[in-house]
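All chains should be built: construct the whole structure from the sequences, respecting the hints.
According to my numbering, the sequence shown is numbered sequentially starting from 939.
No lab work stands behind these hints, which were simulated from the structure alone.
Computed from a prediction, not measured in an experiment: that's the story for all the values here.
Positions of the beta carbon are idealized from the N, C-alpha and C atoms, including for glycine.
Treat each hint with caution, since some may be false.
Unchecked claim - Pair by pair, the computed Cβ-Cβ distance ranges are: (1) Thr1007 with Leu1027: 46 to 52 Å; (2) Ala1042 with Lys1190: 26 to 32 Å; (3) Gly1111 with Ala1032: 25 to 31 Å; (4) Asn1017 with Gly1143: 31 to 37 Å; (5) Lys1022 with Lys1161: 51 to 57 Å; (6) Glu1023 with Asp1132: 57 to 63 Å; (7) Trp1006 with Leu1044: 51 to 57 Å.
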Amino acid sequence: MYDKKVVRRRRAVLGVLVAASLLLLTVYFGENGGGFLHGVQRGTSAVFSPLEKGVSVVFRPISNFTHWTGDVFHAKKENKQLKKEVQQLRGQLAQAQTAERDAAELRGLVGLQRTSNFADAGKLVTARVISRSPTVWYSNVIINAGSSDGVHVNDPVVAAGGLAGKVTQVTGGQSTVTLITDQSSNVSAQVMPDGSSGIVRPDVGDPNNMLLDYIQSGAKIAKGDSVVTSGFTSSKLDSIFPRAIPIGRVTKVSPGELDQYSRVHIQPYADLRRMDYVQVLTGTIDQARAQVIK
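Structure representation (structure tokens):
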């Protein structure tokens, strides 16, 4: 039940307390530092200071634990974000490195066209290597260009640096390229500037070494000389390659199995084990030869 006397009494007490507070504040701010109220304040602080310190010591571990928990959650969130950023950066780096390598190979193919005239014998189709199957005895790759791109069996294939091989199988969108390091490979070639002719064949098991056979003893061939496709038919080989495709450089000249011949070791210009792009010289062999004769 609502009691007016109780309400009035509470209001009166509140008014007295407010008035007393205002009076004390007025006196406190009006007296000097050594006054009564300032002394009471200092005494109260001295009495309750140990209790305040004790409460602080008791609750400090709880406060520290709360801060540590917050830091842990923040660190986990930050670590997760950093891992995500690292993965993104790794992906970007891989893409950049791949693009740089591809660009370097394509520049090598363009440079090969500029320094050699074999490209005039036909149309060049650029393709990417999509499969490799090198072994000691057989060496071939599969490229993503086929008959739909104008590629035919026996079309020459070049990589950045020089001759890579020839097309041996063709489907609509893919082709198999047998490399010059395959045991079945034979390429009619010439040594420049001497002009001596021979047959380049692989030193099976060592893709960095090829042999140029049937070079007459006494030929003026030296280490560093360039070996290119000859572009003509010999008694031992019907060449399918146009003239002047770079094959490799001479690394060593040694006596052959027969005294009348020297064995010439060459290193291929093209990095056949790591090539990613090649170009196929399309067109019939007869057209290529006719262009070379002109």
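Status of the hints after comparison with the structure:
| no. | hint | result |
| --- | --- | --- |
| 1 | Thr1007 with Leu1027: 46 to 52 Å | violated (30 Å) |
| 2 | Ala1042 with Lys1190: 26 to 32 Å | holds (29 Å) |
| 3 | Gly1111 with Ala1032: 25 to 31 Å | holds (26 Å) |
| 4 | Asn1017 with Gly1143: 31 to 37 Å | violated (50 Å) |
| 5 | Lys1022 with Lys1161: 51 to 57 Å | holds (54 Å) |
| 6 | Glu1023 with Asp1132: 57 to 63 Å | holds (59 Å) |
| 7 | Trp1006 with Leu1044: 51 to 57 Å | holds (56 Å) |
Checked against the numbered hints listed earlier, the structure breaks hints 1, 4; every other hint is satisfied.
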